[in-house]
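Visitor: Take the given structure of chain U and dock chain D to it, following the hints.
Protein sequences appear in the order of chains U and D.
This note's numbering puts the first residue of the first sequence at 1411, with every later residue one more than the last.
This note's numbering puts the first residue of the second sequence at 85, with every later residue one more than the last.
Mixed in with the good hints, there may be bad ones.
[What the hints assert, rightly or not] Derived EDC-like pairs: lysine to aspartate or glutamate, alpha-carbon spacing no greater than 16 Å straight-line:
hint	chain 1	residue 1	chain 2	residue 2
1	D	Lys246	U	Glu1416
2	D	Lys246	U	Glu1420
3	U	Lys1419	D	Glu254
4	U	Lys1456	U	Asp1470
5	U	Lys1455	D	Glu259
6	D	Lys255	D	Glu211
7	D	Lys258	D	Glu211
8	D	Lys246	U	Glu1433
9	U	Lys1455	D	Glu254
10	U	Lys1413	U	Glu1433
11	D	Lys246	D	Asp232
12	D	Lys258	U	Glu1452
13	U	Lys1456	D	Glu136
14	U	Lys1456	D	Glu259
15	U	Lys1412	U	Glu1452
16	D	Lys246	D	Glu259
17	D	Lys115	D	Glu127
18	D	Lys246	U	Glu1428
19	D	Lys115	D	Glu102
20	D	Lys115	U	Asp1471
21	U	Lys1456	D	Glu254
22	U	Lys1480	D	Glu136
23	U	Lys1480	D	Asp132
24	U	Lys1418	D	Glu254
25	U	Lys1419	U	Glu1452
26	D	Lys115	U	Asp1470
Treat the hints as calculated values from the structure; they're not laboratory data.
Given the structure is predicted, the values throughout are model-derived calculations rather than measurements.
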Amino acid sequence: MKKCREAKKEMVLYCYGELNPEEKSRLEHHLADCPECRSYYESVKKTISLMSRAPRMTVDDFYWTRFNAKINASLGKKSGFKFYRAIPTAVVLAICIGLFVYFSRPSGKSRAELRVPSEEISEEISEETVDELNYELLIDFKDNIDRELLNGEA
Amino acid sequence: MDKNGDEILVGRAKAGSESAFAELVRNYREKAVHIAWGITGDEQVAEDISQESFIKIYRSLKNFREESKFSTWFYRIVVNLAVDYQRRKKLRSYIPLMKIREPVEPRNPALELKAGEFNRVVQNVLERLSAKQRAVFELKNFQGMALDEIARIMKCRTGTVKSHLFRAVEKMRKELQDRET
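With the rest of the complex left out, here is chain U (with noise of 0.2 Å):
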């Protein structure tokens, strides 16, 4: 029957108190006429009132700790850590390490000490070998002169 029809759909929201007092009274007086629809409303009621006692999700303190976390993470922060804050001290730093490496320096008097020793060795080098060489060149021409004396090529 088209009543009992509308009064099926009705019920669940009447369970939920969604209807209005008209549509509320008219449910009424069919439910205490229809067995039937009765019957079919208790079963209703009941459905609802189990599912309404499925167990729900439980979280302890720590889960919402380590959700905020999660989420901060996703969006870049990290535990409230402001990366411009450390501006400053970045830029303090910099100039400690940039005084520490100009004073470390080495002087210009112990430069001198640490020049490069092959450019004196090569210096002393070139003078030693010059003389070398003007030496050995004196020897052998004077053994070609010796040689050519005792040649008679002289």
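Guide: Leaving out everything else, chain D in the frame of chain U:
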């Protein structure tokens, strides 16, 4: 959180106040997780969906015109993500996905169900619902929202919400009746 309180927090958060956004998270996180869990039945998925919802809110807060309540906008995001997840699930397994922290003693002796079996039955029955039916049932039955509020969240007519609710309860009723016999 009342509408005025939300308006103030949203205004401050839009202006860049991180503490205001953090307070919005604090006020809405519990309900977000429960709604997502009620629709999906999965703790980890519920957590992911809730977090993603807050991230979406954070990124689009400046574009929020405040034509609807913040709560309506926020829950719409949560419900849409959860419903999308449910729809994408290829297999509706009978295996319960949620972790039950406390066993529930059935209060209806006529059914004579043990606590573990009761949880299993309930979860199985919920899995039979469509994603939208489950969403409407969660919002109405467990969150106590009014039908017109649910309609605004789900961007549909109130009549559609009533239809989803009726079908959800009818499906559950038949499932439970079949198990009794």
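Visitor: Going through the numbered hints above, which ones does this structure break? Give me the numbers in ascending order.
Guide: 4, 13, 15, 16 and 19
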